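Enquirer: Listed below are the residues making up each chain.
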Amino acid sequence: MPEAVSLLYQFGTNAAFLLLSALGLIVILGMMNIINLAHGEFMMLGAYAATASVQRGVPFPLAVLIAAVAVGLFGVVIERLIVRRFYGRELGALVVTWGISLILGQGALLLFGPFMPPIAIPGGAVALGDYSFSVYWLFLIVLCGVLLAALAFVYRATRFGLQARAAMQNARMARALGIRVDRIYMATFALGAALAGLSGALLAPTTSIAPFMGQQFVAPAFITVVVGGGASVIGGALGSSGLLSLVQTPVAFLFGTFSGTLALLLTALVVIRLLPGGVSSIGRYFTRRSLAAAR
Amino acid sequence: MSVAAASRAAPRGSGLARLLNGPHDIGRTPGAWAVLAAGLASFLVYPHWATAFQATNVAYYLLNIPMALGLSLLWGYGGVLSFGQVAFFAVAGYVYGIVAGNLPDAPWGTWLGVVSGLGASAALAAVFGYFIFYARVAAWIVPILTLVLALLLSTFLGLTAGSMWTVGQVPLGGYNGMTGIPALQVGTLTFQDYAFYYLTVGVVVLCYIGLRAWVNAHRGQVLMAIREDTLRTELLGYDVRREQLRAFVLAATLAGVSGLLYVQWGNYITPSVTGLQQAALPVVWVAVGGRDSLLAVAICTFLLNQLSYVLSSAGNQYALVIIGALLVAVMMFAPEGIVVTLARRTWRRRR
Amino acid sequence: MDTPTPSKDAAAPDAAEAAATGPRRRDVLVAGLATAGAVLARPAIVRAASETPVKVGFIEDESGNLSIYGVQKLHAAQLAVQEINDGYTLAGGPVGMGGLGSDGMYAPKAPLLTASGSKLDVIDAGGTPSQKGIVVSDDQEILVKSGEKGLLGRPVNLVSADGQSNNTLWQQLARRMIQQDQVDVLVAGFASAEREAIRPIVDQRKQLYFYTNQYEGGVADSHTFCTGAVCEQQVIPVMQYMVEKFGPKIFTIAANYNFGQLTASWVRSFAPVLKAKVIGEEFPPLEVSEFSSVIARVQQAKPDWVMTLLVGQNQSNYYPQAAAAGLHLPMASTINMAQGYEHKRFKPPSLANMHNAVNYMQEIPTKRNQDFVQRFYKMFPNDPYLGQMAQNTYFSIHLYAKAARLAGTTDQEKVRRTLEAGWTIEAPEGSVFLEPATHHATHYIRLAVANAKHEISFVREWPSIEPWWLQRLGVNLARTPEKKQYTPDDDPFFKMFK
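Chains as they are written, first to last, in UniProt numbering: chain B, 1 to 295; chain P, 1 to 351; chain X, 1 to 498.
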């Protein structure tokens, strides 16, 4: 029994890690089709903002919100100055965001030094048999679900979401209908950046705070979004993180972490060969509702 | 004029000169050719006033050009961006190291290494490319998949530290890399220092001329047609998947050429050559130079390699910031590439 | 006594300027040595200004992933060069094959270990329980006058470059240092991959080279001197202590690359010697940063203690994650804390109960070390930590200067032969002996433990542990030149425990 719970917990943390890594990218890559290679650095900024706030006595939950807002505002600046010139030019955006990531990573090193004092992980541990589980990770697993649900709600059930989908699918038509596409793009990019900052801040206590910490999230984030596919980015990300950690967790538990990582990458390749549209294209068979927003 | 007609119009007999002067690269005026010839001549005489160290260093700036040219072909001319050219670079280097290292006494050992290194790169590209192009995945997924390939290879090679990863007499060496890779030999001549410099210059010139002819020939034009309109090209009777795969394999082989030159240069290779940092560099060189011009890419690869070395050997912590800022600035103000933009301006003024 | 203060810029070789700086606060100098030094110092200044500098080539990662280690090494090198230019050296000298016992400031009385071991950490030779099992005459000054400002009448110049954590760049920079700058000695390398990247170039050009990092051991190279601690000096002591104190069941978590795998094979092979057993091993790749599976496997295996050989940014996340998941097993390591100052970087109690057999940490309470720490932070007040590889770099540069001074030349072959005389040098950690046959150093090893507040205490000391493994393999570089790195696979002993 404790073994089963432990496996379930590992599955949950693996999936939550993938989802949190991918959260901002779901919006920026999945919805806007901007290949944002500075994604990891956005998360790093979130972690830095949260850490700096906690050091000044701000309680951790508030610090997380501050981080999200700060990185969101930073996203607005980046979007206005740079990224807006690259809509529709995915490969140009890829190169320019790589440049931004270099500047942010090394810039953080020059400004703040090689590391920041860390944040203690909130919450203790609960024990069950031989195993014990971090309360904070359990909270993160739940929070992931809440965040995704909220994102899905915004995207599908609000006026902003409707306009955003329209703008992403056909900008000219949307403009003709009186939607201020420019604003929508800016707001969506800011939302993606804020989510990246939020998840960076949430993951900050579990990692060491350093200028190049963002790199660890890049590969998981891209794999999650790509395997999820474009038919429905939110559902796809949920499905892909579930599928990937479903493969990774037992393999890692039985054969070690390396085998787990290898299994994750191979699964990603196989899924893409078999389902070029990603996991979310399975859903399309059943719902027949094509939301090819990311194409 | 259709693609097929264009290729039929291309002359056959004394075709190379015509192909070289075809429309698909910058630098077609007699003046431009004169500048190119002067540039080549200066590379040929450079060792006369350079130390062996300086010549080897310049050779290092040059040796990445074949890989960059391959990516230019694939991305600029074919519209397919690969983020994983370094994987083929690494495979060629490692396979060369294994083959040449196991045949230290055979006079042809190093040359067998060259053939098998290039063969391995091409074979890996063929298999991987089959998965990508025959699955017809969306264009924006290709860079991410190739990046995953590069990272996977880097991770795998990093794990080969144990003795079970010794191939013949050559240990793969894990994260610390493979050391003591023998240099190319012909008779008693070992390609090091000045000899290596001339070898590199020769290979780079051959790769450039070959590719320039290729993009102006039939195959190159089909590739550009696919970039412009995949569906129409397919309806004209071309197998788009096969053409893309062919370009992918060619680009991978060129990355392999760079990998081979790299192991000649340092007699050493590590998994980090296919890591995240390195994987992005070819994309940077190609994008900054101007991806749809082979010449621009070659020039820019040389200059950026030099810049990065100069900045870092001065102990400058701002090296990465400067390169990043350069990248952002170029993409914003000269999105066609800085070399291409400058060349076009000069050309217009002359007119 | 009139002694100058080290100025901030160590790279500036101007000896005259250095001589003009103000008096030093230090007043505890060994009188005899100082007097001799003062007599010789004057004419050296005059000569120094007119001569070309002695070039100490130095490559470290000042930017990129590994910069948290590289910057403190650079600063330690700058301090050493400054002290040489100011007319100082570390005490010590060539002692031949006799090792530490024949010279050195104190003769260590080896600690006797109890058979039961669980209650007492150390007892002294008379059988009385004691926190300090050795007699150390610790109050002597190790920084003494060298007799000249600079080296051989020439100022010493630190030629430093930033490797940016990039192996290819390391090769380029090594070539530049050797071929273009023609440095007299090269001091470089953090990661083993960096050392292996430049070692072929070093050997090809016969460059005198110091590698100052703690590493997995095994480098037998005529042109390379490895002054950091190696596996046999760290792994076995820390295992011995852990097995005595906590029990025989070991779980190893090691980074899946050369260093981690090789060190893990030391743990595996020496566990039977200590009547212990490795009951589980886990090799996470360097890219992994989320450790719930690893933690669950450890919990399932129920070891007495965990050997963590984790490397790099991502892997250090293991500690806070394990602490948060309620995994509070005692931990042992050979790298953490002394290298990446994790006990300063992570919130307590992530590293509570971490044990490491170190050759140096800035917390070592001896007077000679506290003086050194004070000198370092006076020059670099904003540095976060002074770790073991920074200390190794510091004494290695002093050691080079001493050897060159004795050789009377900076000719690399001659300096190398002089170093092979067997040298004792009084480093901040204690007396260090450079073993001629293997080009490795005997170290003063201390067992450092972090408590729940991440305060460091030293619970056991081994005043002199030899780098015996290469000797065991029959390496004698003074007689037979070599340039290979041995691995446990070359040793039949390790093959028994595969």
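Worth flagging that the hints you see were computed from the coordinates, not collected in a lab.
Note that this is a predicted model, so its numbers are computed, not measured.
We treat Cβ as the ideally placed atom computed from N, Cα and C, and that holds for glycine.
Do not take every clue at face value.
[To be verified] Result set (SDA-like, lysine to any residue): computed pairs, CA atoms no more than 25 Å apart in a straight line:
hint, chain 1, residue 1, chain 2, residue 2
1, X, Lys344, B, Phe255
2, X, Lys277, X, Gln204
3, X, Lys55, P, Asp239
4, X, Lys302, B, Gly113
5, X, Lys453, B, Gly113
[As the list claims (entries may be wrong)] Where chain B lies over chain X, by a calculated footprint (3+ residues, C-beta under 8 Å):
hint, region
6, 72-83
7, 204-216
8, 295-306
9, 325-333
Enquirer: Does each hint fit the structure? Answer for all of them.
Expert: Hints, verified against the model:
1. X/Lys344 <-> B/Phe255: Not OK: X/Lys344 and B/Phe255 at ~34 Å, beyond 25 Å, violated.
2. X/Lys277 <-> X/Gln204: This hinted pair is violated, its Cα atoms lying about 43 Å apart.
3. X/Lys55 <-> P/Asp239: Measuring from Cα to Cα gives roughly 63 Å; hence the hint is violated.
4. X/Lys302 <-> B/Gly113: Given that 25 Å is the threshold and the Cα spacing comes to 39 Å, the pair is violated.
5. X/Lys453 <-> B/Gly113: holds (24 Å)
6. 72-83: It is violated, with 0 qualifying residues against the three required.
7. 204-216: With 0 residues close enough to chain B, the hint is violated.
8. 295-306: Holds, because 5 residues of the region 295-306 of chain X bring their Cβ atoms closer than 8 Å to Cβ atoms of chain B.
9. 325-333: Coverage by chain B holds here, the residue count being 3 at a Cβ distance below 8 Å.
Comparing the model with each numbered hint stated earlier shows that hints 1, 2, 3, 4, 6, 7 do not hold.
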